[in-house]
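Read off the chains here:
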Amino acid sequence: MLNTLENIIPSPVIALLIFVALPLVLVSIYALFAIWMERKVAAHIQDRLGPMRVGGWHGWAQTIADMLKLLQKEDIIPTNASRFLFKLAPFLLFAASYAAFSVIPFSSAYIGSSVDIGVFYLLAITSLLTLSVLMGAWASNNKWSLLGGMRTAAQMVSYEVPTIMSVLSVLVVAGSLNLMTVTEMQTGNTTLGFLPDWLIFQNPFLLIAFVIFFISIVAESHRVPFDLPESESELVAGFQTEYSGMRWGIFMLAEYADMLLLSLLGSVLFFGGWNSPFGEFMAGPIWGFFWFILKGMVLVFVMMWMRWTLPRYRVDQLMQICWGFLIPISFVNFVLIALWEMIF
Amino acid sequence: MVHALKKSLVTLKSILTGMKVTMRHLFQPSVTIRYPDVRDELPETARSKLYVNIDDCIGCKLCERACPVNCISIETVQATSDVDLGKTSTGNPKRFWVTNFEIDMAKCMYCDLCVPPCPTDCITMVPEYEYSEFDRNNLLFQFSELSPDKVEEVKEKLEKEQEEKQRQKEEAARKKEAEKNKSEDSPAETKSTEE
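These protein sequence lines map, in sequence, to chains A and B. Under UniProt numbering, the first residue of the first sequence carries the number 1, and numbering increases by one thereafter. Under UniProt numbering, the first residue of the second sequence carries the number 1, and numbering increases by one thereafter.
One should not assume that every hint holds.
Stated by the list, open to error - Distance condition first, Cα-Cα at most 25 Å in a straight line; then the derived DMTMM-like pairs of lysine to aspartate or glutamate:
{"id": "1", "chain 1": "B", "residue 1": "K61", "chain 2": "B", "residue 2": "D121"}
{"id": "2", "chain 1": "B", "residue 1": "K150", "chain 2": "B", "residue 2": "E161"}
{"id": "3", "chain 1": "B", "residue 1": "K49", "chain 2": "B", "residue 2": "E64"}
{"id": "4", "chain 1": "B", "residue 1": "K94", "chain 2": "B", "residue 2": "E152"}
{"id": "5", "chain 1": "B", "residue 1": "K7", "chain 2": "A", "residue 2": "D316"}
{"id": "6", "chain 1": "B", "residue 1": "K13", "chain 2": "A", "residue 2": "D316"}
{"id": "7", "chain 1": "B", "residue 1": "K7", "chain 2": "A", "residue 2": "D227"}
{"id": "8", "chain 1": "B", "residue 1": "K94", "chain 2": "B", "residue 2": "E164"}
{"id": "9", "chain 1": "B", "residue 1": "K165", "chain 2": "B", "residue 2": "E179"}
{"id": "10", "chain 1": "B", "residue 1": "K160", "chain 2": "B", "residue 2": "E145"}
{"id": "11", "chain 1": "B", "residue 1": "K155", "chain 2": "B", "residue 2": "E145"}
{"id": "12", "chain 1": "B", "residue 1": "K6", "chain 2": "A", "residue 2": "E160"}
{"id": "13", "chain 1": "B", "residue 1": "K20", "chain 2": "A", "residue 2": "D227"}
{"id": "14", "chain 1": "B", "residue 1": "K61", "chain 2": "B", "residue 2": "D104"}
{"id": "15", "chain 1": "B", "residue 1": "K20", "chain 2": "A", "residue 2": "D47"}
{"id": "16", "chain 1": "B", "residue 1": "K6", "chain 2": "A", "residue 2": "D316"}
{"id": "17", "chain 1": "B", "residue 1": "K176", "chain 2": "B", "residue 2": "E164"}
{"id": "18", "chain 1": "B", "residue 1": "K150", "chain 2": "B", "residue 2": "D82"}
{"id": "19", "chain 1": "B", "residue 1": "K155", "chain 2": "B", "residue 2": "D55"}
{"id": "20", "chain 1": "B", "residue 1": "K13", "chain 2": "A", "residue 2": "D227"}
{"id": "21", "chain 1": "B", "residue 1": "K7", "chain 2": "A", "residue 2": "E160"}
Please keep in mind that the hints were generated in silico from the structure rather than gathered at the bench. Keep in mind the model is a prediction, meaning the values are calculated, not measured.
Turn these sequences into a full structure, and let the hints guide you.
Pasting the structure below:
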């Protein structure tokens, strides 16, 4: 992809900049429409209509209008806040989830950086999310924010364990940390004669691993039913209480970017990444990108769907789910997958 | 471990049940009415804004008396004998000028008690529900159509007529008195003459 760009554009620096900005374009467009989609899904599940006025069809421009409104809002920083950290936190949060996009293989022709430790890099850099949420929470000099931040730290550190265990179970089967290699080994359409060679169909225990992975990524991107960091009912808005205007908007953007990132990771690890579900039919770099985004969006949609179905968990229940259920099950599951791999 | 697995399965099953319900609702037509563009049609008996057909009002003040929160205030002036106010659409003769018919919709509690007593069915609830105002005084609805000049004129006329009547009455009374006195006098005279 970089080579193609360098051929088209004379200056290599500009080509590199465009190459780097491509996921940003994707994430911004995605975030604008995912927020709109979330509101639509929410509305229709509750038999309402949702935004209908801004833009033509079904109020599609609602989020753009909201963003313009947020840009014009007053930028308030609490008097005794730690100004530098307060300002830095949302950008660090977004930077962390954006940096993780560099190892995501968007299509067979586009991957930011095909490093051999791809998955570990991604998991490591997303742990910066915890740091930046805690940073913003502490810097805003507000008890509710700090409580929200502490909950975030507890939640994300705990849920890192089942996430990594389920990712590891995939890697045991795939035998590589490079996400491009993991995707490429899922090409083909031979499992049971007709199913695509996706990892989720190859091993019954990988289905359990996927369920655990999905529950943990919902918790990691702190969405309902695990949205304890910003629980509006008890903590007003948790770690983002003191944030206003576009600073808050960037928190929102980062939350949606995080959702997409983890969903895309899920689709690489379990659903064959950019591989078409119909074998050679509709395959190729452009179709690959389409399939990849489609798979990611389906997972994002399931997250939204779950949000309007399940009530929020209490803190102790949250910890109980993680330490009492997910972690033991994922460890046992990991051993079973390893045994399966040894036998077959 | 077995306990954990069992509980996980039950939880998963109940989550899937819930998600089935929400998925069904996702494809149900929404119940929202897009309000400023589309307005719901109220049932015929809906109680909303009060309306008075002042042409039919005979100034009987029955509604004012029926109102439990005193939100209706009516002032009437009796018509003088030289004017004919006509009849209402129900055939009742009108005998009063309704100089003031004020309904304070801010006080109204939509009990509908003022509607049944009206003998000419001129006060009704109309299905009009958008009358929010910034100033509470704008919720005082005045139904009397008489101009202040006309009210003055009518009042003066009535006063004059009443004065006239009073005068006539007094005159009549005086006449009677006089006659009485006369008749009293004459016997006295006769008496005196008798004496």
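Proposed proximity, D227 (chain A) with K20 (chain B) (alpha carbon, max 25 Å): 22 Å, holds
Agreement of K155 (chain B) and D55 (chain B) with the hint, judged by alpha carbon distance not exceeding 25 Å: Since the Cα atoms of K155 (chain B) and D55 (chain B) sit roughly 19 Å apart, the hinted pair holds (cutoff 25 Å).
Given hint D227 (chain A) paired with K7 (chain B) - CA-CA distance at most 25 Å: 22 Å, holds
25 Å limit on alpha-carbon distance, applied to hinted pair K7 (chain B) and E160 (chain A): With a Cα-Cα distance of about 22 Å, the restraint between K7 (chain B) and E160 (chain A) holds, given a limit of 25 Å.
Pair hint K94 (chain B) and E152 (chain B), alpha-carbon separation not exceeding 25 Å: 19 Å, holds
Hint consistency between K61 (chain B) and D104 (chain B) [alpha-carbon to alpha-carbon, up to 25 Å]: 15 Å, holds
Proposed proximity, E179 (chain B) with K165 (chain B) (alpha carbon, max 25 Å): The given pair, whose Cα atoms are some 20 Å apart, holds under the 25 Å limit.
Restraint status (C-alpha distance of K6 (chain B) to D316 (chain A) at most 25 Å): 20 Å, holds
Given hint D316 (chain A) paired with K13 (chain B) - CA-CA distance at most 25 Å: Judged against 25 Å, a Cα distance of about 22 Å means the pair holds.
Holds or violated: K61 (chain B) to D121 (chain B), with C-alpha atoms at most 25 Å apart: At roughly 13 Å apart (the allowed maximum being 25 Å), D121 (chain B) and K61 (chain B) satisfy the hint.
Pairwise hint evaluation, E164 (chain B) against K94 (chain B), where the allowed Cα distance is 25 Å at most: Answer holds: K94 (chain B) to E164 (chain B) is near 22 Å, not above 25 Å.
Straight-line alpha-carbon gap K7 (chain B) to D316 (chain A), limit 25 Å: 17 Å, holds
When held up to the earlier numbered hints, the structure conflicts with none and fits them all.
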